[in-house]
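A.B. asks: Two chains, each in its own frame: build the complex with the hints.
Residue numbers (UniProt numbering), protein chains in the order written: chain X, 1 to 346; chain W, 1 to 392.
Honestly, the hints are just simulated from the structure, not real lab data. The model shown is predicted, which means the values in this text are computed figures rather than measured ones. Treat the hints with care, as some may be off.
As the list claims (entries may be wrong) - Residues from chain W shown here face chain X by an in silico Cβ test under 10 Å; the list is partial:
no. : residue
1   : Arg-253
2   : Arg-255
3   : Asp-257
4   : Thr-260
5   : Glu-275
6   : Val-276
7   : Gln-286
8   : Gly-358
9   : Glu-362
10  : Arg-365
11  : Val-367
12  : Ser-377
13  : Glu-378
14  : Arg-380
15  : Lys-383
16  : Val-385
Unchecked claim - With the Cβ distance kept under 7 Å, some of the chain W side facing chain X (calculated, not the full set):
no. : residue
17  : Arg-240
18  : His-264
19  : Leu-268
20  : Arg-283
21  : Leu-373
Using N, Cα and C, we set each Cβ at its ideal position, and we do this for glycine too.
Now for the letters of each chain:
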Amino acid sequence: MTTAPADVSLLADDVETDLRASVRKVLDKHCTPEALNGLYDGRDEVTGPLWSAFVELGLPGLLVPESLGGAGASAREAAAVLEESGRAAAPSPFLTSSVVATTVLTALGDTEILPALAAGEQTAALLVRPTALRHGPAARTTVGLPADVLLVPEGDALYAVRGARVTPVSSLDMTRPLAEVDLTGAERTLLAEDATAAVDAGLLMGAGLLASEQVGIARWALETTIAYLKERRQFGRVVGGFQALKHRLADLYAEVEQADAAARYAAATLALGDTDAPVAVAVAGSFCGEAAVHAAEEAVQLHGGIGMTWEHPAHLHLKRAKADALLLGSPEAHRAALAVLVDLEA
Amino acid sequence: MDETELRQRVETLLAEHPPEATDRLDFLHARFDAGLAWVHFPEGLGGLGLPRGMQPLVDKALYRAGAPDNDPRKIGIGLGMAAPTILAFGTDEQKQRYLRPLWCGEEVWCQLFSEPGAGSDLAGLATRAVLDGDTWIVNGQKVWTSSAHLADRAILLVRTDPDQPKHAGLSYFVLDMHDPGVEVRPLRQITGEAEFNEVFLTDARIPDGDRLGDVGAGWQVANATLSNERVAIGGGAFPREFGMVTSVARTWRERPDLRTPSTHERLLRGWIDTEVARITATRLRQKMAAGVPGPEGSAMKLSFARINQQLSALEVDLLGDDGLRYESWEMRRPTHVDFFGKDAGYRYLRAKGNSIEGGTSEVLRNVVSERVLGLPSEPRVDKDVPWKDLPR
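One chain only, chain W, in its complex shape (with noise of 0.2 Å):
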């Protein structure tokens, strides 16, 4: 299909379904059906099976016709990490029946990986599920999971062999998040706020048929999703004085008074460093146009911590006396994530997350070292050992 034809598809769509006297749900649900949501995905599951690169003309004209969304920053999970495994390691079954209300945002889905005893060593988690017929049974403890509050769904990581070494006895599930055995709990931060939640698994149910990938293969499909959250991360495409120097260069030309060579040699620093990173994500995009992967990807996100936590920094320091004020303590439970909340305080404590989240920079800096680099892999002296044998 050229692109001609795709835009007399988008065409035919508005037709016979005008945005302006369509329910909105139903216009998602044609959308969905027309191969139109995300082109790149099969005929019959929401695409048509172009190039990912033609996506852009669709959201462009349905968006000049007026017609509605599926509000991406609240199912940011589903359609970024849930969704592209579903599709890798999915049955046709289980593609039909998740993959259309996942896109209309009709089900909210979260991500159960992390664990309060596995955050970096994600392979060691402890969360277990045992079968008990057709049924799995699970119990365990996960934590940092955005939106869970929310979730209909959750692809979850178990640990189903615990005699097997630690990455050969997982397993990947999708766990409906209204089961009896599911509790969710805000997990508040040190901004005040509780983006995250932590959820307790006690005895809740997940039919073997909601399984993907085979047991014992749940390692291999988790890293479907995370190399799916790097690409997330890395090849953005940003304007210039983007991200957190938009705020200081703002208050540097409203508030002459409290500028300081100190402070002005910081705040060039930073410019340079954002728009340096700019232009590293526009060669990063380029080359992924190109079909050359560019390594640049896992080193983007430690650039990106460092240039938050410093420039919110900054952010503080300048604004001196103002720099003390903080919008608000109370513990709210935001919809999506938000790295930039109302006042430089705010943004100064929550940067501090973006060395942690999506792997910290100490890990990230021995993948770079490892994959792109060649240097020697760190020790890994649990990597053959069966995981009840492990010190913990």
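This is chain X alone, in the form it adopts within the complex (with noise of 0.2 Å):
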């Protein structure tokens, strides 16, 4: 065994439930299902103003540094914004620009991009693979575009690229959408000579607070479910009664409780910088990933009929879920670097 376990605090302090409760509110305002479904129907009229209300909150400067315009706070924090924000199936830069791309620059020692990222006048996007796990060549498809300033790998090196060419691509999840990406002719500058590091730290931050979006996800489909199923009648009866539906949500229940501490632990020692993180990430997700999906397919069958409509808010979560277990490393692929870590390899 390499690490050891972290002895953390896995309860929510003050500061997280405060601010749990702030982005709550400008999410229920903005994030309307009528809202979400216009994104998939060529009308985005929520993207824009939900980040100015992230911005209005402070939230883009949340991982950056006080010395930079920002708030200096932890990854803990960082992970309630995500899983609200997985709740509402919330459109936002928040993931890949002011988590991965944040903690890519800070571990480069950049003092040029963070002050703007903190103040919420530009964003940024690591442009590797949407579901890379570790440092990999640059990217022509990914997400958290349009983005001001691209973080471009190059070998081991980085480039700021501005003034790329982005054509968004019809994705699975239009709520984190996909764009392909033309480099030619854009400006570059050097930000690091090796900066594989570096972009592994942001890999690993994103993927570790990402489950935290995933239990918001998760969590939001187990409680809809739930009151719909206390609410819908047939057969003369409530169906939340019957017990092949009870069993069903019994077991949802425990895992979205487990998902919900296996989150909360990653972010723990994320914030901590704790010599475990790798291992906690790793299993958060593998564990959010699936649970986060288990739950929104669970939702979409025990709604019925209603569940499979574009009315119902179900399928927006259900399609953030699927994507978002590719992203930034597969179940699977988080499963393989366990094993690694945890010296149980094939």
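C.D. replies: Structure representation (structure tokens):
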């Protein structure tokens, strides 16, 4: 065994609880099912106003050091924002810009780009494959675009690129859409000759905190389904009283509670920079990714016909959950990473 | 009393009864009488009325000083189930009489609840107690009783009024296991061993003074016992790679020749499920310490049963040829419950009980969905019918 478990609090403190409440208020206002459905129908009336509200709350600078205009907060607070974002299926560059790109730049000691990110004046995105778990070559297609600054790997080096041409791609989850990038003729600046560790740190932070987003999706699916099954009547009964459904929900509840604990542990170890963070992230990445998909699939099935409609928001969460389960390392990729970390290789 | 004063009290006990020069039982008696047995119990009953969280301080200090302990594994039912129930429902006289020999291990306790006809539906039990003067005469059969063959006393749930609906006609007693009306027979399990017993009660006699709680209030008393059992299952502290995954992971590391893609996938999933259970149990403990009871407790047992069954099955598969071996089918009567035994075959078979004992997984799913998620209860057609009129 390479690392020991960290002794960390898995309970939310007052700062997290307050932050969560403010974020939820903003998300409830902007992320209505109509607004999110619009993203699939070519009408984006939500991303811009939501990001402005995030900027007003200071969320883009959460992980940026105070000396660069940020809040100097930890992964725990960012996890709270992401859990709420998952619950709302929110379209925002928070994960890609304020977590992944920000962590990469912080690790590189950047002082040029981070102030603009912290102030919410610009966004950034790391140009690797959407499913990347580790440092790798630049991708042609990724998430988090358009962004003002692209962080582009070339060999071990990392460049800041501005003015790339970005073409949106129709994607499975339009709340975090894919885009194609053409770097031809774009202006580029060298950030570091060897940025592999910084890129890995950004991807580890992203994968670990994505687990909190997945918990948010799973909680929404569980709570919405329970509420519906307490109202829906068939055969003269509330259908939530049928044991076949009660047992599925009991199992799902256990799974969601466990996913929540796993995601909090990942966030807590990342916040401390604990040596156990890679194990915690691999565990959460495997468990929470599958839990979110399972919860969203159960929500669709247990809502019956209404769950298959465009009108009901279950589809928004199913698509987000399924896409999230590929993002920043699939559950299978996280298990393969874990095998190496805990001496259980194939 | 603060930590310093408590530490001082431990030092005084050690000074007055040096462990190396004191008889084991004498030391345990002295520890009990000093209030250092279970500090959260009241003064005069082995405790000091302190928070439960201060107990480890005492245990660690005494362990370091080489003091004897009360061998808690052998008296788990007394400590975990009988004692809290006696404390909550016993008379002063009963508390004085039972708790000291219970904690010191002089009297081993067992639990007589389940019956062949009353498993998940415990409140439907049929063992009858009839009052004759000031003595209850008990007839019936109990089952799944661990330690019955070693026990001096039992907590016993019986029917005292068959004319009442099932929950209302029960009473709760302390039974002397040495009574001539008590017969204990081993109950052999699929592992070949007999961890448990059947207990036959034929005109067993119980003085009315050995009743816990009012006549007819047995169900409330039993629920207090069972909630203590659930706390014990959900609230443990675990290391990484604990439980069933330990031996599978060891085999994986030592025997590269056995590895296949499918067993690798199952191993990693089991390892992750175990780690997530560890983290969830840690959070549950943190919540309890902060005074926020977490509803995860009831769901934890569901997960442990599934994890144990999946990993023990994997271990047999992984071992291949060696998975076909079984250490011994000899009928033994172990002194305590053992989930692990000597080999993978034993673990595979024993783990089948994990989704049955202490509440089946099916009943637990009802409990979680009704009490935690607020979904409608199962129809309970027998709830208001006199017990004697129920179809059996």
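A.B. asks: When the hints from earlier in the document are held up against this structure, which numbers fail?
C.D. replies: Violated hints (numbers, rising): 2, 3, 8, 14, 15 and 16; every other hint is consistent with the structure.
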